[in-house]
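*Asks:* So you can see what is in the structure, the chains are spelled out below.
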Amino acid sequence: MTPIRASAVAEMCRGLTGDAEFRGHGDLMLTGINSLEEAGPADLSFVANRKARELAALSKAGCLLAPQGFEANSPASIHVADPRGTFARLVAQLLPVTRPPAGVHPSAAVDETAILGEGVSIGAHATVGARSSVGADCTIEAGCHIGADVSLGANSRLFPGVTVYDRVRIGARAVLHSGCVIGADGFGFAFVDDRYEKFPQVGTVDIGDDVELGANTCVDRAALGVTRIGAGTKLDNMVHIAHNCQIGRHVVIAAQTGLSGGVTIGDYAVVGGQVGVGDKARIESKAVVGSGAGILTSKVVRAGQPVWGTPARPLKEHLLQLASLSKLPELRERVAELKKRIEALEKGIGST
Amino acid sequence: MTPIRASAVAEMCRGLTGDAEFRGHGDLMLTGINSLEEAGPADLSFVANRKARELAALSKAGCLLAPQGFEANSPASIHVADPRGTFARLVAQLLPVTRPPAGVHPSAAVDETAILGEGVSIGAHATVGARSSVGADCTIEAGCHIGADVSLGANSRLFPGVTVYDRVRIGARAVLHSGCVIGADGFGFAFVDDRYEKFPQVGTVDIGDDVELGANTCVDRAALGVTRIGAGTKLDNMVHIAHNCQIGRHVVIAAQTGLSGGVTIGDYAVVGGQVGVGDKARIESKAVVGSGAGILTSKVVRAGQPVWGTPARPLKEHLLQLASLSKLPELRERVAELKKRIEALEKGIGST
Amino acid sequence: MTPIRASAVAEMCRGLTGDAEFRGHGDLMLTGINSLEEAGPADLSFVANRKARELAALSKAGCLLAPQGFEANSPASIHVADPRGTFARLVAQLLPVTRPPAGVHPSAAVDETAILGEGVSIGAHATVGARSSVGADCTIEAGCHIGADVSLGANSRLFPGVTVYDRVRIGARAVLHSGCVIGADGFGFAFVDDRYEKFPQVGTVDIGDDVELGANTCVDRAALGVTRIGAGTKLDNMVHIAHNCQIGRHVVIAAQTGLSGGVTIGDYAVVGGQVGVGDKARIESKAVVGSGAGILTSKVVRAGQPVWGTPARPLKEHLLQLASLSKLPELRERVAELKKRIEALEKGIGST
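Residue numbers (the working numbering), protein chains in the order written: chain S, 1 to 352; chain F, 1001 to 1352; chain E, 2001 to 2352.
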């Protein structure tokens, strides 16, 4: 990053939060941002939780963004009420995300009927199909393939090697990481005579504003109608969204989770990694699904409910079952012992 | 789609099934096909199961393809014996799959020794390696990479961004969705001294006719010999097929399932999503493996058998175990109660 | 391969191992290498374990590399102490891995500030960003996208369609299979007001020498600092490595396994397929994690320990629990029987 004085960073924090206390050497020049473990004397780092407080004592960071009252032993420190949140906004200013320059790379193959907004950047070897529209200031990086009749909202970014099939709609400020495939055919086949015949997959995909999709994530088109991902939803790497899923707004889904066909997820739900969700299950608003859980076909997870395990059940039940399970060998021993005591009693009664 | 009168659609149904009853406004113009929920007054939709009957009552669809005797309240309806199957074939006629025009895009890099059949379409920035042959009417979309000595049967389609390594054979009418990787090295290493040395992966991959592979699915080459996927088999997104697997004909495997090295799957088997199969396991013909199941190394799943859970066992046993498991806390309470009663008996005997 | 006499192959084995006994027809011409099942009369194959001995009896292979004292019925055979290891090295000589010729394909887009070492091969439609350095004899195949400020060590190979984001460092002799994505943003969001705000992902990725990554595997960049994969480590297909993971040297991770943020794995650990590892868990050196296991957040797996199941526990405990579990229905019956006997005793005492 551009070198900056520690005192100037404190001033930026004041601009962001209204209140920031600076301690130490104001003239210290900062040239980078790093974790507590990796930071050097010209780096800025931050202290948020208890673990970080321990690491901070050993850190070589030149300047720490820390909670109010924290005794930093770094050459400089800035103290704010919410170090993590302030740090996030500070980094966005100090290391603004760069994007390739506007313009169409001469090797890109953009159909003559495609409509490109102002400030669009199209990278090398990218393709944009017939009648597709790319919103203002979008970035389509090298080797992305946009089909025909696609609509892409303003300020969205596709990292290298993203594929968008025909007729998909993507909102504004969306971020798609490399290897994402949007709009491939859903997995729909009918067994006719002695073979599988494809059920037509003629629907499409609609991805809302501010959605972020991780690397190699796949969102299939609907058989009929629309597979939807609501505004503000974030998917991690290698997530599988089957045809006709309806995902709400501000949902979070961690890596390698898979949704079968027609699954519904309500707003603000949180789904862990490697979860499997059966056909047409419904996960209601603000529900929480633990990593590795398996949700059966047509199952309903109630609003706000935390569920865990396979088949998924309310967290309390799951923990109770796990506890019982771990005591199962002991339970078997106890039953064997009771059996002996019963035998002794039976003998005793026989002998009385 | 090209606008068409409802009565003309009924006529097409008669052509497909021999028998179709038309009710309502024959002049109604249809311009699209959609799900019951999303359809508007110019859309065709269909009613197959009980759930759909309920949705149909609320649907705004202009014309419904429905079972015989179904009381549709749409402006027009067509009644047939098998609405779902008829619908599938109807859609294939009304919305025929389009493919890019034949010809080689000027930006494609096709080796001069490659052989292209009649009517082949090669997209922008695609590559085809030395001595590879591409069958008649194949479609290789933008950014696909076909290695050397590859053989691709007639009428196959590779969506954008598919990679096929050297020496792989793919049959006719195969469909590979974006991001598929066919023929990467199998995961074979020998621990020698204090490091892993690669075991040569010099075999290949053979994919049969009419196979469909979902987005980002990977099929590794054999160490020696051939990794095989039989004709008519369908794999969903992000399926992992390790080296030397032998998959039969008309097998279905749902998303995110992984097969370890040397697994065998018989014809017509059905494997759910997120299943894990250990080295050299054998899943026989027409077996059914439930989603999320884990099949141990060298395990044999018998022909026609449904198995579930981890480690996978026959469905009945699995359900019995699940039922026992959910009653485990109750069983622990019962044992505690029996213990008290035994203690009471022991005291009672002691006092007699 | 180039045809070679069986006796000449025996001579090569002597060069590799110091000792190799040849039996049979030395003039037999060998033209290929294959598995025992697929080999024909001009193929070389090998016999290592008991299963292979059975297959060898039925094999049509012209020449077998076999253990000392093995009674081969093939036209020719070569006998050595370690047939598998010798075979691996033999194959590397008979079928040396070929790489595309050195040079930059005219369609590649290499930034003028990038530095290419001697003998580098850059394929069609590949891109290399500003200030990136590509070590001597590296192979970057068709459609790979290398960002800015990337460093790639000598003799590494990227198969077609690999994406490397900005500022990533990759060592020497690394192999990245198609569809790998290195350095995409970690999955870090803070819930602010009623939506998720991205936590900046400004760290990077460091991949050591001799690392091999399978097809469609993803390694995310650190939020701050570095996501590390140590020298000699091998990852299978579709493995997910989240931000800030620290993976040691000579670690093996099988397909579809996912590590959450900040996971640490020690040298020489072995992790099976479809394993899920929670945030900040630590898997110590030489630990073994069974396929399908689930490791909870912050859990520590001790050095050398084998763990299995979800939640993962020591293998012995896991097997004991599985055994108890499979006898659970039987246990329930036994408890019901004991209850009856207690009732009988209670009646008996009452009647005495």
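Mixed in with the good hints there might be a few duds.
[Unchecked claim] To give an idea of the interface, some chain E residues facing chain F are shown, with a C-beta separation under 10 Å as derived from the structure:
no.	residue
1	ALA2092
2	GLY2103
3	SER2107
4	ASN2155
5	PHE2159
6	PRO2160
7	GLY2161
8	HIS2177
9	ARG2195
10	LEU2235
11	LEU2325
12	VAL2335
13	ALA2336
14	LYS2339
15	GLU2346
[Stated by the list, open to error] So the derived label-pair ranges between C-beta atoms look like this:
no.	chain 1	residue 1	chain 2	residue 2	range
16	F	ALA1303	E	PRO2311	23 to 29 Å
17	F	PRO1314	S	PRO96	56 to 62 Å
18	F	PRO1314	E	ARG2050	28 to 34 Å
19	S	PRO106	E	GLY2103	17 to 23 Å
20	E	SER2298	S	GLU118	44 to 50 Å
21	E	LEU2296	S	THR98	37 to 43 Å
Worth flagging that the hints you see were computed from the coordinates, not collected in a lab.
The model shown is predicted, which means the values in this text are computed figures rather than measured ones.
Note that beta-carbon positions come from the ideal geometry of N, C-alpha and C, so glycine has one too.
*Asks:* Hint by hint, note whether the structure agrees.
*Replies:* Taking the hints in turn, this is what the structure says about them:
Because the beta carbon of ALA2092 (chain E) sits about 6 Å from the nearest beta carbon in chain F, less than 10 Å, this interface hint is met. This hint is violated: GLY2103 (chain E) has a C-beta 13 Å from the nearest C-beta of chain F, more than the 10 Å allowed. For SER2107 (chain E), the suggested interface contact is upheld, since its CB lies about 6 Å from the closest CB of chain F, less than 10 Å. Because the closest C-beta pair between ASN2155 (chain E) and chain F is about 14 Å apart, greater than 10 Å, the hint is violated.
Taking 10 Å as the C-beta cut-off, the interface hint given for PHE2159 (chain E) holds, the closest approach to chain F being about 7 Å. Look at PRO2160 (chain E): its Cβ gets to within about 4 Å of chain F, closer than 10 Å, so that hint holds up. At its closest, the beta carbon of GLY2161 (chain E) sits 5 Å from a beta carbon of chain F; the interface hint therefore holds under the 10 Å criterion. The interface hint given for HIS2177 (chain E) holds, since its Cβ lies 4 Å from the closest Cβ of chain F, which is under the 10 Å cut-off.
The beta carbon of ARG2195 (chain E) is not positioned within 10 Å of any beta carbon in chain F (closest approach about 27 Å), and the interface hint is therefore violated. The restraint placing LEU2235 (chain E) at the interface with chain F holds, with a minimum CB-CB distance near 9 Å, inside the 10 Å limit. The beta carbon of LEU2325 (chain E) comes within 7 Å of a beta carbon in chain F, closer than 10 Å, and the hint placing it at the interface holds. Taken as an interface hint, VAL2335 (chain E) checks out: its beta carbon lies about 6 Å from the nearest beta carbon of chain F, inside 10 Å.
Hint on ALA2336 (chain E) holds. Least Cβ distance to chain F is approximately 9 Å, under the 10 Å limit. The restraint placing LYS2339 (chain E) at the interface with chain F holds, with a minimum CB-CB distance near 6 Å, inside the 10 Å limit. Checking GLU2346 (chain E) against chain F by beta carbon gives a least distance of about 7 Å; that is within 10 Å, so the hint holds. Hint check: ALA1303 (chain F) to PRO2311 (chain E), Cβ distance near 35 Å, so the stated range 23 to 29 Å is violated.
As the Cβ distance of PRO1314 (chain F) to PRO96 (chain S) is approximately 59 Å, the hint placing it in 56 to 62 Å holds. Range check, PRO1314 (chain F) to ARG2050 (chain E): about 29 Å between beta-carbon atoms, so the 28 to 34 Å window is met. Between PRO106 (chain S) and GLY2103 (chain E) the C-beta distance comes to about 21 Å, which sits within the given range of 17 to 23 Å. Between SER2298 (chain E) and GLU118 (chain S) the Cβ separation comes to about 48 Å, which falls inside the hinted range of 44 to 50 Å.
For LEU2296 (chain E) paired with THR98 (chain S), a C-beta distance near 38 Å keeps the hint of 37 to 43 Å intact.
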